[in-house]
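Start from the sequences, fold in the hints, and give me the full structure.
Order-wise, the sequence lines are chains A and B. So for the first sequence, my numbering puts the first residue at 30; every next one is plus one. So for the second sequence, my numbering puts the first residue at 685; every next one is plus one.
These aren't lab readings, by the way, just hints derived from the structure by calculation. The hints are all genuine.
Derived DSSO-like pairs (lysine-lysine); straight-line CA-CA distance at most 30 angstroms:
#	chain 1	residue 1	chain 2	residue 2
1	B	Lys727	A	Lys71
2	A	Lys258	A	Lys184
3	B	Lys843	B	Lys902
4	A	Lys346	A	Lys321
5	B	Lys727	A	Lys184
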Amino acid sequence: MYGNHAIGEAAIRAGCQCYFGYPITPQNELTEYMATHLGRRKGCCFIQAESETAAISMVYGASLAGARVMTSSSSPGMSLKQEGISYLAGNELPAVIVDVCRGGPALGSIVAGQSDYFQATRGGGHGDYRTIVLAPSSVQELADLTHLAFDLADKYLSPVVVLADGMLGQMMEPLEFKHEAPEVLPVRDNALRGARGRPSRIVRTCNSNTNEIEELNWSLYRRYQLIKKEETSYETFLTDDAELVVVAFGIAARIAKGAIKTARTEGLKVGMLRPVTLWPFPSAKLAELSNKVKNFLVVELNMGQMLEDVQLALGDKAEVSFYGRPGGVIPTPSEVARVIARLYYQKGLK
Amino acid sequence: MKKVFTRPNSLKRTPFHYCAGCGHSIIHRLMCEVIDEMGLQDKTVGIPPAGCSVFAYYYFDVDMAEAAHGRGAAVATGLKRASPETIVFTYQGDGDLAAIGTAETIHAANRGERITVIYVNNAVYAMTGGQMAPTTLLEQQTTTTPYGRDMRLEGFPLKMSEMLALLDGAVYIERTAVNSPAGIRRTKKAIRKAFQTQIDDLGFSMVEILSPCPVNWKMTPLESWQWIDKEMTRVFPLGVVKDTAGKSNAD
Ligand SMILES: Cc1ncc(C[n+]2csc(CCOP(=O)(O)OP(=O)(O)O)c2C)c(N)n1
Ligand code: SF4
Chain A
30 MYGNHAIGEA
40 AIRAGCQCYF
50 GYPITPQNEL
60 TEYMATHLGR
70 RKGCCFIQAE
80 SETAAISMVY
90 GASLAGARVM
100 TSSSSPGMSL
110 KQEGISYLAG
120 NELPAVIVDV
130 CRGGPALGSI
140 VAGQSDYFQA
150 TRGGGHGDYR
160 TIVLAPSSVQ
170 ELADLTHLAF
180 DLADKYLSPV
190 VVLADGMLGQ
200 MMEPLEFKHE
210 APEVLPVRDN
220 ALRGARGRPS
230 RIVRTCNSNT
240 NEIEELNWSL
250 YRRYQLIKKE
260 ETSYETFLTD
270 DAELVVVAFG
280 IAARIAKGAI
290 KTARTEGLKV
300 GMLRPVTLWP
310 FPSAKLAELS
320 NKVKNFLVVE
330 LNMGQMLEDV
340 QLALGDKAEV
350 SFYGRPGGVI
360 PTPSEVARVI
370 ARLYYQKGLK
Chain B
685 MKKVFTRPNS
695 LKRTPFHYCA
705 GCGHSIIHRL
715 MCEVIDEMGL
725 QDKTVGIPPA
735 GCSVFAYYYF
745 DVDMAEAAHG
755 RGAAVATGLK
765 RASPETIVFT
775 YQGDGDLAAI
785 GTAETIHAAN
795 RGERITVIYV
805 NNAVYAMTGG
815 QMAPTTLLEQ
825 QTTTTPYGRD
835 MRLEGFPLKM
845 SEMLALLDGA
855 VYIERTAVNS
865 PAGIRRTKKA
875 IRKAFQTQID
885 DLGFSMVEIL
895 SPCPVNWKMT
905 PLESWQWIDK
915 EMTRVFPLGV
925 VKDTAGKSNA
935 D
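What follows is the structure in structure tokens.
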């Protein structure tokens, strides 16, 4: 199945009731999939909004009503969604936001990129908040992590970002769906649909009492600490005997994996750590690896964004090198293999 | 003794924070009376704006949720589509609806969203201290048009009701004013009709209400009522701007 379609199908099977989007390459097939397959389902709703700002505001409205809801976009559109993501985070409302990232800045390229790691993992909008960020690296994972995103959003009452990229979105791979679409669409307990049989409720952050807003921030902070403890996830590949560990996510990890296999045939002891959650970031796992491994290579399709998280996690316990290709350029596995080999010899590992 | 006047159930006991002579408190009360009379208190969700009425949720005893400045119509759209049985209204100022939220408003109206918009036109940005609004009259002084609004520099007062009336999805639009007992009664009827349009599943409904802001207009409450009649209604004429509901009108 096509990557963008896999996201849509997984969302429907996760009980997504509403989708609001605005066309942008390279994620249009997802919006179109939702128009075709979600729009006419009983009780469901698809709207092609007038802008990403409107789309995310509709997401906010549907989430208020207790529905499972999704929007998707790509980099320039994600900039416009930040306002609404901040309102979702502040008002503790779940939603799934898929970013099929391309190369920026500005209009940039329309193919794959990872230039929005900062935007995704640092909150992105205004205010002191985080979003859980999931980084798939195959079509199977696009589906699995989209489903997981809905569950995590509901569990932590928080927006969750699936950070994919143009290459994954446009890729065709076999996959297996692990869930059937629910017969009855789920509705969250604290849905705002009118105060029948209970006192009326207010959902708001705005307050003239700064103590209350401070308390909201503390409670978000405590939730984020819990998320760090419970939900951090990653994949390791051949790290047991590794002298050099590549750190990469998403499509870059896919490419790096190919490069590592080549390096292994040449006898180089190279492994990989692939963060699956970009926030929370697997800092503890990196620190643990650095007890044995002293050389790390970060590979990204940008000029060094996750790099900063790796450096923070490792401090001076290991040396961190970087290979980045920005602007929508995708290196081949053999290019990355050459970078790995050069570094391996430079560091005197062989 | 027969009670002839009382606080509507949908209006909380919280004293209003609005300035003396402000139209917001009158409009809140009218809306609550209508919500009571139509039996909507436990079916309604309201979306207040960023603006002087940002704290409207402290007064309406119905479910309420804040929205980003200008995004009311889009938030209401998402809510209504996810829960079509819920009665959804937005409450928006002229900065909120006619400047930053113009696109959301036009497209919600054009899609014929079954939502009710209460649009409070006081010709200024009141909450932020009396800056120019899209509805500010020509020559009107505000803190950002200190020499008066100049058509060549700041353009003309924006007539949202007339603009929205062009859209096929907009079913009922009326402009009223809360500067006289008759105007207040008329406004209540219009609000009722706007909710009825939504209940009947007909399409988008909006009541634009000319509302005094004596503080930022630098007038007494009485002068502000007169200014609405003498100046505002010349640019924003009162009356039904559009009604394709095909049923009895607000009278
Ligand atoms: C994105 C954003 N920009 C600016 C503001 C500041 N702001 C709050 S209310 C407002 C305008 C209020 O004017 P209006 O909508 O006419 O309502 P009024 O206060 O007159 O009732 C502005 C600009 C904001 N809250 N959010
Ligand atoms: S500033 Fe104007 S609009 Fe705001 S509360 Fe006072 S009178 Fe009302």
